[in-house]
Amino acid sequence: MSLKFTEDHEWVLLEGDVATIGVSAYAQEQLGDVVFVEVPEVGAEIAKGDELAVVESVKAASEVYNPIGGEVVAVNEGLEGEPTLVNADPHGEGWFVKLKVSDPSEIAELMDEAAYKTFVEGLD
Amino acid sequence: MGDTSSIQKTVLHDLHVELGAKMVPFAGYNMPVQYPDGIMKEHLATREAAGLFDVSHMGQVVITGDDPAKAIEALIPGDIQALVPGEMRYSFLTNDKGGILDDLIVTRRNNDLFVVVNAACKEQDIKLLTDGLAGQATVTELPDRALIALQGPKAAAVLARFAAEAAEMSFMNYRELDIDGVPCFVTRSGYTGEDGYEISIPNADAVALTRKLLAEEEVSPVGLGARDSLRLEAGLCLYGHDLTEETTPIAGGLIWAISKRRRAEGGFPGAEIIQAEIANKPTTKRVGILPEGRAPAREHTEIADENGNVIGEITSGGFSPSLQAPIAMGYVPLAYSAVGTEINLLVRGKTRRAKVVKMPFVEQRYYRG
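Taken in order, these protein sequences are the chains called A and B. Going by the numbering used here, 26 is the number at position 26 of the first sequence; the sequence numbering is gapless. Take any residue in the second sequence, note its place counting from 1, add 1000, and you have its number in the numbering used here.
The hints are simulated quantities; they were obtained by calculation from the structure and are not laboratory data. All clues stand as given, with none of them false.
Straight-line alpha carbon distances no greater than 25 Å define the calculated DSS-like cross-link-like pairs of lysine-lysine that follow:
1. Lys-1281/B with Lys-1097/B
2. Lys-117/A with Lys-48/A
3. Lys-1097/B with Lys-1260/B
4. Lys-1350/B with Lys-48/A
5. Lys-1097/B with Lys-1070/B
6. Lys-1022/B with Lys-1041/B
7. Lys-48/A with Lys-100/A
8. Lys-1022/B with Lys-117/A
9. Lys-1350/B with Lys-98/A
All values derive from a computational prediction rather than experimental measurement.
In isolation and in its complexed conformation, chain B is listed as follows:
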C-alpha cells in the first residue's frame, strides 16, 4: 500500500469514512475514490442530479501586490489583465520549452488573485509563483480553507436554497457568498462538464456545511473515480497524464486559453516556441478516441496506424458510464488528428480498431446566463 506515514487528510476525511467511502492515497492525501454506490452510479447521479466532491487536497492560493494580474502574466499565457474582478480563467504554468508545468484557475478579485492549483503540483507551483513574482507580489496559501465541488443539473437549485444569489452567477464567475451563514468563495465552475460550483469554505465550517448540502435530496457524495470518468467524458485534461512538461498548450488543444493579445505579445516562459507552433502547427495533437467494441483502452495504450506502426499513445482512457462505451484521449501526429480518422489501438497485444472523434464525448452544460 506504500508509505502512509506522511499522508495527509482533508478536513472532510472522517465524514468520508462515515459515509462508507473507500479511501485511497492520492497526491499525498487520503481521498475517497468511491462511496458505497460505486463509480457508475455516482457518475450518473452527477449527470442527472448533483454530485458533491471533496477537492480540498487542491491548493488554494492568494496573490497580492501592486498589480498581481500583470505580474502573473510573466509566468502563464492567460490573459489575466483582461479579467474584471469576479471573472476567472483557465490557464497553465509553462516552462522555457513551452511545456506545461501545471494547469490552474485564476480568479481576479477586487484587490488580489485567487488561484487554485492541482494537489500533486501544489508545492512546486507555490515555489514557482513565489520565486517568479518576488518583488512584485506575495503568494499566500490558504490551508485553513476546504474546497468542495457541487456539480450537476440540480446544483444551482440546491445551492440557491442556501444562497439565492448563487443562481445569478454565470459560468467562470466568482462571488463571495454567505452559504447558510458561512462566508464562502464561490465560483461557477468545475471539472465534470456540468453546470455547478466550487466552494471554498473555512475549515471550521466545512463539515457542517457539507453535511447540509449532502442532506438535500438531489445531492450524492461522489469520489475521485467518478470525478475522473466525468472529466474524461467532458474532454477535460488531467495534468500529469494528458498534459505534461513535454506537451505544449498547442499540441494539447488549449489554444483557446491564450488570448489574441497574449499570442501576439508573448512574455511568458516558452512564448517563442508556442508562438511558432501557433504559426506552423504542432507536430502532434491531442484528440478524442472512440474504440470499437466494449474493451476500454487505458492510459499508455499504444496507438498504431493502419500498418501497425506505433504513432502515439493514449493519455487517458476508460469506460464512459453515460455512453456505456469505452472512450479515450491521446496524442497522434497532426496527419492523423482529423475527426473520422481510423486508427488502431494495441490493447494487451490485440489490435482494436478505433476512430478519432470530436470532444467532448458528452455535451458540456455550463450556465452562461
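The shape of chain A in the complex, shown without the other chains:
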C-alpha cells in the first residue's frame, strides 16, 4: 500500500480497515519545529472532517482535520516525549493516530503521491 494525501496536507496509509494518519513532509516544513501534538483518546469516534489532532509549533497551534472517518485504535505515544519526530520523520515515526475506518471506500477520494506532489507544486 502507498500513502494517500489530502489537500490539507495529511497522509493516510490504509492497511485492511486500519488507517494510519499523519501530516505530510510539506506540512511539517510549513509548521516548523513541532513542540506538542494533542492526539485524541483511544476509543473516540471521529467523523471525516472533524478535528483529529492539534499540532503546536513555537509560534502557533494548527488543527488537523480527520481525512477518513473511524474509531481511534492507537495514538503515537512517542510524540509526547519527542514531538520533533513529526519534523524528523513525518511519513514514518511521526505518525499521529490509527483509526479503524468505518468506510474504507472513502480513501478513493484522496490523492496519490504523484497527484499530491503536483498539488503542492501548484501552491508556491
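Use these hints to put chain B onto chain A, whose structure you have.
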C-alpha cells in the same frame, strides 16, 4: 491572505527574500517571520551568540521645541525631564481612563527627543503627539531611516569591530556612532532580554551595513517569530496583547516606569486613576504563568480558579525554546497574583494545571557597565 495591495516593505525586504525568509503581513508591512533555520534555532542563536532583526517597520520620530522633555510629559507618565542627554526610558501613552494607548521608548538628545513607537500604532501615535504638543513642540517622522536590532551575548563584541565606542555604552544609553563609516543612532537596548543594540541607519546605507553585520560569524538573521518568543521569555509586554487601552500601567506591572516625582505630581492623561491604583492596588495584575506539561496555552486561553470559574485570560502564550516548556503571561485578580498560586488553564476544553511564577522566565542580561 488578505489585502496585499497597500502593504509596505522595509528597505531590507529584498535582503530577507534573498536570505530565504518566509514573509508575512505584519502591522501593514511585509516582514520576515522566520528564515530557513526556523524559529527555534533563531531564538537559541540569539541567546547563545547574536541575532539580527529588521525592525524598520517601527516608527522613528524626532520631537523638537523649546523644552520637548517637559512638553511630552503631558502625554506620558515617564520622567523624561530627569534624563540627561544620551539617556533613554521606556514609557507609554495613556488615555483619560489610565489605559495604555501604546508603549514607546524616549531618548533625550542634546536638542530634541528621539522616540521609537510600535508599527501598528505609528499613525495614531504621531497624531497624538502632534496634536498634544501643538504650540510647544514639532513632531517629525524619520521615514528615511531603517532600524535594526543586534541582540545577544556576542552583540557587543561584533559591533565593537565596526565602532569601538559601542562597547562602552551602558544599557538604555544612546550615542551617535559611525558604524563602518555610516552615521547611525545607536541605543543599547532591545526586546529580547539580552544585551544588544538597536541601530537606526540611513536607508541608503541600511542594506550594505546589515550585510556586513550578517557576515560576522556570530550573527544570524532572526525573524518576528523568534522576536516574539524571546520577548516572552524576557517577560516583556507586546502592545495590543499584554497591554491595551483597557489595561493600566499598574495592572500591567509597569509601575517601575513611573518615577516618584511623576507618581506624586501626575499631569498625564488618566493620572488620577493611575494614582488611585498605586494607592489602593489594581483589581487585576499581569503575571507569569507556567503551564504543567508540554501543551502551550496561547493568547485568549481562559484562566480558571480551582472550582473552574473563569478568572482571567492569557494575553501571550507559547513555547519557550530556552526552557523547552510552555510559558505564558496573563491577567488574574489580585488575590491570585502571588507567585506559587495554582490556577487552571482551559485549553481546547481540557483543564490544564498551571502556576503563577515570577518573570522574566529567562534571566535578563543587560549591560550596565
